[in-house]
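Participant: Here is what each chain is made of, one letter per residue.
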Amino acid sequence: MSTQKAQRYDVVVIGGGHNGLTAAAYLARAGHSVCVLERREQIGGAAMSEELYPGFTYSTCSYVASLLRPEIMRTLDLPSHGLQIIPYEGSLNVLGDGRSLASYPDHDRNRREIAKFSHRDAEAYDRYGLEIMRQCRFIRPMLLMTPPDPTSLSIGDLKDLMKLGGMFADLGEQRLHDTLRFWLTSCGDFLDEYFESDVVKGHLAGSSIIGTALGPYSPGSAYVLLHHYMGEVDGTIGAWGYARGGMGAISKALGSAARSFGAEIRTDAEVETVIVRHGRAIGVALANGEEVHGRTILSNQDFRRITTRMKWSEPLPEDVVKQGRDYKIRGSSGKLNIALDGLPRFTGVEAHGTPSLNGDIHYSPSLEYIEKAYDDWKYGMWSRRPYVDVVVPTLIDPTMAPDGKHFMSVFVQYVPPTLHDGPWTPEKRDAFGETVIDLLEQMAPGIRNMILHKQVRSPWDIENEVGLSEGNIFQGELTMDQLMFNRPVPGMAQYRGPIPGFYMCGSSNHPGGGVMGAPGHNAARELMADLAGGKV
Amino acid sequence: MARQDFDAIVVGAGHNGMTAAAYLARAGKKVLVLEARQKVGGMATTEEFHPGFRASTVAQTLNLLHPRVLADLDLEHLGLTWASRSLAPLSLGPGGPVELGKGHDGDSDAWRALMARLARYAGALAPALPKPPPSLATDSFANKLEFLKFGWGLRKLGRRDMRDMMRIVAMNASDLGDECFAGDRAKGALAFDAIAGTRMGPRSPGTVYTLLYRMAGAINGRAGAVGLPAGGMGAVADAFATAARARGVEIRTGMAVTGILVENDHAVGVVLDGGDELRAPLVLSNADPRTTFLHLVGPTGLDTLFSRRVHHWRDRGVMARLHLALDAKPQFGADVENARMLLAESRDAVERAFDDVKYGAPAQRPVMEAIVPSLADPSLAPDGKHVLSATVAFGPPGLDHAAREAFADRIVARLAEHALGLPDLILGRELLLPDDIAARYGVSGGHWHHGEISLDQVWVLRQGPGVKPYRTPIPGLYLAGAGAHPGGNITGLPGRNAALAALEDLANQGGGH
Numbered sequence: 001m002s003t004q005k006a007q008r009y010d011v012v013v014i015g016g017g018h019n020g021l022t023a024a025a026y027l028a029r030a031g032h033s034v035c036v037l038e039r040r041e042q043i044g045g046a047a048m049s050e051e052l053y054p055g056f057t058y059s060t061c062s063y064v065a066s067l068l069r070p071e072i073m074r075t076l077d078l079p080s081h082g083l084q085i086i087p088y089e090g091s092l093n094v095l096g097d098g099r100s101l102a103s104y105p106d107h108d109r110n111r112r113e114i115a116k117f118s119h120r121d122a123e124a125y126d127r128y129g130l131e132i133m134r135q136c137r138f139i140r141p142m143l144l145m146t147p148p149d150p151t152s153l154s155i156g157d158l159k160d161l162m163k164l165g166g167m168f169a170d171l172g173e174q175r176l177h178d179t180l181r182f183w184l185t186s187c188g189d190f191l192d193e194y195f196e197s198d199v200v201k202g203h204l205a206g207s208s209i210i211g212t213a214l215g216p217y218s219p220g221s222a223y224v225l226l227h228h229y230m231g232e233v234d235g236t237i238g239a240w241g242y243a244r245g246g247m248g249a250i251s252k253a254l255g256s257a258a259r260s261f262g263a264e265i266r267t268d269a270e271v272e273t274v275i276v277r278h279g280r281a282i283g284v285a286l287a288n289g290e291e292v293h294g295r296t297i298l299s300n301q302d303f304r305r306i307t308t309r310m311k312w313s314e315p316l317p318e319d320v321v322k323q324g325r326d327y328k329i330r331g332s333s334g335k336l337n338i339a340l341d342g343l344p345r346f347t348g349v350e351a352h353g354t355p356s357l358n359g360d361i362h363y364s365p366s367l368e369y370i371e372k373a374y375d376d377w378k379y380g381m382w383s384r385r386p387y388v389d390v391v392v393p394t395l396i397d398p399t400m401a402p403d404g405k406h407f408m409s410v411f412v413q414y415v416p417p418t419l420h421d422g423p424w425t426p427e428k429r430d431a432f433g434e435t436v437i438d439l440l441e442q443m444a445p446g447i448r449n450m451i452l453h454k455q456v457r458s459p460w461d462i463e464n465e466v467g468l469s470e471g472n473i474f475q476g477e478l479t480m481d482q483l484m485f486n487r488p489v490p491g492m493a494q495y496r497g498p499i500p501g502f503y504m505c506g507s508s509n510h511p512g513g514g515v516m517g518a519p520g521h522n523a524a525r526e527l528m529a530d531l532a533g534g535k536v
Numbered sequence: 001m002a003r004q005d006f007d008a009i010v011v012g013a014g015h016n017g018m019t020a021a022a023y024l025a026r027a028g029k030k031v032l033v034l035e036a037r038q039k040v041g042g043m044a045t046t047e048e049f050h051p052g053f054r055a056s057t058v059a060q061t062l063n064l065l066h067p068r069v070l071a072d073l074d075l076e077h078l079g080l081t082w083a084s085r086s087l088a089p090l091s092l093g094p095g096g097p098v099e100l101g102k103g104h105d106g107d108s109d110a111w112r113a114l115m116a117r118l119a120r121y122a123g124a125l126a127p128a129l130p131k132p133p134p135s136l137a138t139d140s141f142a143n144k145l146e147f148l149k150f151g152w153g154l155r156k157l158g159r160r161d162m163r164d165m166m167r168i169v170a171m172n173a174s175d176l177g178d179e180c181f182a183g184d185r186a187k188g189a190l191a192f193d194a195i196a197g198t199r200m201g202p203r204s205p206g207t208v209y210t211l212l213y214r215m216a217g218a219i220n221g222r223a224g225a226v227g228l229p230a231g232g233m234g235a236v237a238d239a240f241a242t243a244a245r246a247r248g249v250e251i252r253t254g255m256a257v258t259g260i261l262v263e264n265d266h267a268v269g270v271v272l273d274g275g276d277e278l279r280a281p282l283v284l285s286n287a288d289p290r291t292t293f294l295h296l297v298g299p300t301g302l303d304t305l306f307s308r309r310v311h312h313w314r315d316r317g318v319m320a321r322l323h324l325a326l327d328a329k330p331q332f333g334a335d336v337e338n339a340r341m342l343l344a345e346s347r348d349a350v351e352r353a354f355d356d357v358k359y360g361a362p363a364q365r366p367v368m369e370a371i372v373p374s375l376a377d378p379s380l381a382p383d384g385k386h387v388l389s390a391t392v393a394f395g396p397p398g399l400d401h402a403a404r405e406a407f408a409d410r411i412v413a414r415l416a417e418h419a420l421g422l423p424d425l426i427l428g429r430e431l432l433l434p435d436d437i438a439a440r441y442g443v444s445g446g447h448w449h450h451g452e453i454s455l456d457q458v459w460v461l462r463q464g465p466g467v468k469p470y471r472t473p474i475p476g477l478y479l480a481g482a483g484a485h486p487g488g489n490i491t492g493l494p495g496r497n498a499a500l501a502a503l504e505d506l507a508n509q510g511g512g513h
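Residue numbers (the numbering used here), protein chains in the order written: chain R, 1 to 536; chain B, 1 to 513.
No lab work stands behind these hints: they were computed from the structure. Being a predicted model, the structure only gives us computed values, none of them experimental. Don't take every hint at face value.
30 angstroms max Cα-Cα, derived DSSO-like pairs, lysine-lysine [unchecked claim]:
#1 B:K468 / R:K163
#2 B:K156 / B:K144
#3 B:K149 / R:K163
#4 B:K149 / R:K159
#5 R:K322 / R:K311
#6 B:K144 / R:K322
#7 R:K372 / R:K405
#8 B:K156 / R:K163
#9 R:K163 / B:K144
#10 R:K535 / R:K163
#11 R:K159 / B:K144
#12 R:K159 / B:K156
#13 B:K131 / R:K163
#14 B:K468 / B:K144
#15 R:K428 / R:K454
#16 B:K131 / R:K159
#17 B:K30 / B:K329
#18 B:K131 / B:K30
#19 R:K322 / B:K156
Listing some non-contacts, in silico: residues in chain B with all C-beta distances to chain R over 12 angstroms [unchecked claim]:
#20 G158
#21 G227
#22 P382
#23 A406
#24 P423
Note that beta-carbon positions come from the ideal geometry of N, C-alpha and C, so glycine has one too.
Please model the complete structure; the sequences and the hints are all you need to start from.
Facilitator: In structure tokens form, the structure reads like this:
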């Protein structure tokens, strides 16, 4: 241990992911002294831009800015810190046999597209859109709320519980019934109630399974749809879009905002131990032995990592460690980042001038296709026929690649964190990459020969680089047993961690994952309340 | 005014229909029960499947029969006796039988701890089962009070248990097994118990709830016990029938109802096969929601939203039953007289069986619960001979003859892995797949619970919005079967509550005039 007097801050933030930075910015803005400690040489965590091939900027992990809360964008004035979100439109399902289904923000075009597969479904889409919109409207005010604790008898919790109960009651019987069912049912059953065409259902179902260890027919997967639609309805910021310069631009802007308010951000500063005295967190020790002290510690790490990987100078209670081990944080996604020599031609899609290529592109012929991809994952295999979500941000953001060349991000569902025949190896990773490229080749013949460079990442790689347990992109499954007052675990859902003085702001906390900033925002609010109330 | 034949007509003499009839008759109503089959009981029945051999064809064990119904109908004095009051779970798998929760090796302690934990939570749910669920139209004070009472019941568990329950009630059985057990056998047994009767796999979120539902009953005060009625489930049905008749109910078998008469938007009677009409101001349907609304009432009598909801009601049965007539006692290498044998050696074994049925195929390697009821109840088979009955996951509808035979062979082969020589003992066998159950007992999809017992179809979500529990959009028509809260199994509760709802409405009408 170092003998020099450790610096002391109001808040020491472990991890400079977008939530840690958001929290730091809010805390510093309120006048608190804040120090963010990031293990890597660059801030951003999973919202990162990196030049891994000369001239190409990769959004290495997260690849679309869909959910960043407009409240945060405005309060922290992120545009003045260089953040520009470029909206994109549409989504395209390429079936590889010349057929395709595209969706656009244009209602009439959408109908025509869906009618290619089913006239009845084109009619049903209006009803479906309305229902999804309603569900999003209902849940949006909850995102920036601290979940009340139903087991608490404190006035504050009871008041919040009543308020939440009131929100539900205000829906009225029919809507409340539909809402509860929606939260509990499977995406497949939900879509079956509206649509008949396999292609239409497959096209819509992707959003219910991205990042989760559920199949489209697993109960609870309908709710996950919302985590990908919540941004879409938020017209104010054109919510589905790219951050100019890649996802790292969001982290850079948040970092810049935090610094402008006086927060200190240190990179290459790996926290190894949380220092605990008499049951309170009072600081951290870095890998190099240096200590940084704080009145409070705020961790951006996932709950599993906090409880089972982080060292604590006084051990955590055994039952907390058990809760951390049992926390469902399943690695289920992989990623290919590809530098392309040109723009690939997707079968059945015009080479240029087709706006739908500007959005996300998938291969998703049916619910059954996705469900089978999930089956492989259950038994420790990457999907032999995976679900892919492809974006080519360079079509609208030319800053990310040289002229005429493109960066392509390929998100892959499902990929297990360890394989049935043992851990990941470089050979297995290559084989996984080939599986994905075979599928891409089917969607866009000739693409294989356009690849200048590729980076293939398994959940294991994501865990190692970014520090997300099992490589789970949401820092924990978005199932009912881990949402709202159950996130990450009942009794710790108010951003307060296992011991006094220790707080949590990662996506393991309500409302969960996506580059949303809400957990960071909410944690900062709770921490400030405790600082102001003299509780810490 | 049309001629009234009866005060109430009950469609279907399942145990719930007879319960409803008995409660109505107890209140002085003249009640007629119409049953399409030649015998009462519906899916609660004992039938000869091979000369001299009888089995409880669909419902096998009693675990949720509500003590209130038991006492009100005096069933224990009317012929309900027990062959076994408690069947213990016995896992069969590689390495021989394992008595779950017995001894101290392996996962035994963990099994007992989990069962005790689940029993506490099931106990917190239990008070909600016999009560009509509160309405989601929460404007009334009484309704809000019901929700608060339910919340208070959970609070009484204590903070630690309440937190744990909030989390695990929405979890899946696979994760719960991983949290609690080290070995495959306990995980497999838990997985099977959680999915039995449903179209879900161990990894489907919410399967822990189905387990809690099953454990929410008690036999003679023993929470979560699984009992075997003497004489098979048909003896239980007969006790219900006796109870109903003793109160003056008329039960006519062999009379199929083909429609429910609706006039001026009110149910006024039923149409019989052949066209005859019978009239009564109250009609209680023991049939499942799909049959009741889409077939007996017909979609033209319903508003679009309601019929769409019934149309999407999830009632696709995928459980099969196999009955074997055996020439001698099968040798499972353990005493199985008071056991329910679980052939589900791991969580993945159950999951893979589910994978097959998801895509419409019968399980390549079925998992099951098997019982030899004739050991405790010799009345089911000739002297020295035996009956084996299995509840098998998963068998889809729509199999042709060859596929059915192959599936039955695979089930027998699975059993023979643990009882050498079993195939040579088989004198006869009967396989009931969902479409057999649908055809024979008139239940849509052949689903025992008249609709999935999953979180999106239970309690306040079991009835449609805008409809009070046990009522329907058609005044005078009541839902008295497992499609109403709390759901399937032999509980007597939907029947009882539907009758009480009908009586309450009558009393209110009377007061209004």
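Participant: Could you run down the list of hints and mark each one as holding or not?
Facilitator: Here is what the structure says about each hint:
no. : hint            : verdict
1   : B:K468 / R:K163 : holds, 26 angstroms
2   : B:K156 / B:K144 : holds, 18 angstroms
3   : B:K149 / R:K163 : holds, 18 angstroms
4   : B:K149 / R:K159 : holds, 18 angstroms
5   : R:K322 / R:K311 : holds, 15 angstroms
6   : B:K144 / R:K322 : violated, 37 angstroms
7   : R:K372 / R:K405 : violated, 34 angstroms
8   : B:K156 / R:K163 : holds, 23 angstroms
9   : R:K163 / B:K144 : holds, 14 angstroms
10  : R:K535 / R:K163 : holds, 25 angstroms
11  : R:K159 / B:K144 : holds, 16 angstroms
12  : R:K159 / B:K156 : holds, 20 angstroms
13  : B:K131 / R:K163 : holds, 27 angstroms
14  : B:K468 / B:K144 : holds, 15 angstroms
15  : R:K428 / R:K454 : holds, 15 angstroms
16  : B:K131 / R:K159 : holds, 28 angstroms
17  : B:K30 / B:K329  : violated, 48 angstroms
18  : B:K131 / B:K30  : holds, 25 angstroms
19  : R:K322 / B:K156 : holds, 25 angstroms
20  : G158            : violated, 9 angstroms
21  : G227            : holds, 30 angstroms
22  : P382            : holds, 46 angstroms
23  : A406            : holds, 22 angstroms
24  : P423            : holds, 31 angstroms
Violated hints, in rising order: 6, 7, 17 and 20; the structure is consistent with all others.
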